[in-house]
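S.K.: In the order they appear, the protein sequences are chains A and P. Under this note's numbering, think of the first position of the first sequence as 4, with each following residue one higher. Under this note's numbering, think of the first position of the second sequence as -9, with each following residue one higher.
Do not rely on the hints blindly, as some may be mistaken.
Cross-link-like lysine to any residue pairs, in silico, SDA-like; alpha carbons within 20 Å at most [what the hints assert, rightly or not]:
(1) P:96 x A:76
(2) A:60 x P:83
(3) P:96 x A:40
(4) P:16 x A:30
(5) P:96 x P:4
(6) P:96 x P:9
(7) A:25 x P:30
(8) P:96 x A:25
(9) A:18 x A:83
(10) P:16 x A:82
(11) P:96 x A:61
(12) A:18 x A:61
(13) P:16 x A:25
(14) P:96 x A:42
(15) P:96 x A:90
(16) A:18 x A:58
(17) A:16 x A:106
(18) P:96 x A:80
(19) A:16 x A:83
(20) P:46 x A:106
(21) A:60 x P:17
(22) P:59 x P:35
(23) A:25 x P:32
(24) A:25 x P:31
(25) A:18 x A:85
(26) A:55 x A:85
(27) A:16 x A:76
(28) P:96 x A:47
(29) P:96 x A:67
(30) A:60 x A:16
(31) A:18 x A:106
(32) A:55 x A:41
(33) P:16 x P:56
(34) A:60 x P:31
(35) P:96 x A:43
(36) P:46 x A:105
Treat the hints as calculated values from the structure; they're not laboratory data. Just so it is clear, the structure is predicted and the values come from calculations on it, not from any experiment.
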Amino acid sequence: AAGVIQSPRHLIKEKRETATLKCYPIPRHDTVYWYQQGPGQDPQFLISFYEKMQSDKGSIPDRFSAQQFSDYHSELNMSSLELGDSALYFCASSSLTSGRRETQYFGPGTRLLVL
Amino acid sequence: SQQGEEDPQALSIQEGENATMNCSYKTSINNLQWYRQNSGRGLVHLILIRSNEREKHSGRLRVTLDTSKKSSSLLITASRAADTASYFCATDADSGGSNYKLTFGKGTLLTVNP
């Protein structure tokens, strides 16, 4: 079965640079979520999109922005990178089926290292 | 404050033994999910239990949910060395709307010794 695809898998950037992370949800999933997991930490919700509209916002810095495109893939744009942005970034997708919220399936993550 | 909190933070057992991990949360939920994560890798979904369910089984996994105590437990029976991983509970708060975000607990690091 198709899974959530994230690219790139690894990314190394310098401070103050920008980064773009991509997420391709499971086919027919209408909701995409972004999470950030720092070293030794639990994943923290950043932002989500439902049917290409932003649906919820968590602890996402103003330096970050995201969008979901017509083909349902999503991109997380990160600017003015700081050392503290080094983390594992997960994308997850789910579907709303018959009014019930279904399981969120996670991608393999993008490991971002800011030097 | 953290919605979900796991207990214990770390658990070390011998192969063949059972492992029990607990999770507590604070707000009303629609469902609770358990995920597994091998060191620095992706989150693998294990099981989802809805707020109107009390117990669910999947293979060697057994999950219970007590909404009155706002707690859940994950039992792994007949553990194997390959079960070594971090286990997270994640709750979907009942905030309305057509989508939801997950709030994760701190996780339990399970080590199964051969």
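S.K.: Each hint needs a verdict: does it hold in this structure or not?
M.R.: Verification of the hints:
no.	hint	verdict
1	P:96 x A:76	29 Å, violated
2	A:60 x P:83	14 Å, holds
3	P:96 x A:40	11 Å, holds
4	P:16 x A:30	33 Å, violated
5	P:96 x P:4	23 Å, violated
6	P:96 x P:9	17 Å, holds
7	A:25 x P:30	19 Å, holds
8	P:96 x A:25	26 Å, violated
9	A:18 x A:83	7 Å, holds
10	P:16 x A:82	34 Å, violated
11	P:96 x A:61	17 Å, holds
12	A:18 x A:61	23 Å, violated
13	P:16 x A:25	33 Å, violated
14	P:96 x A:42	12 Å, holds
15	P:96 x A:90	16 Å, holds
16	A:18 x A:58	30 Å, violated
17	A:16 x A:106	33 Å, violated
18	P:96 x A:80	27 Å, violated
19	A:16 x A:83	10 Å, holds
20	P:46 x A:106	15 Å, holds
21	A:60 x P:17	18 Å, holds
22	P:59 x P:35	24 Å, violated
23	A:25 x P:32	15 Å, holds
24	A:25 x P:31	17 Å, holds
25	A:18 x A:85	5 Å, holds
26	A:55 x A:85	28 Å, violated
27	A:16 x A:76	23 Å, violated
28	P:96 x A:47	10 Å, holds
29	P:96 x A:67	24 Å, violated
30	A:60 x A:16	25 Å, violated
31	A:18 x A:106	36 Å, violated
32	A:55 x A:41	27 Å, violated
33	P:16 x P:56	12 Å, holds
34	A:60 x P:31	24 Å, violated
35	P:96 x A:43	9 Å, holds
36	P:46 x A:105	16 Å, holds
Hint compliance for this structure: hints 1, 4, 5, 8, 10, 12, 13, 16, 17, 18, 22, 26, 27, 29, 30, 31, 32, 34 are broken, all remaining hints hold.
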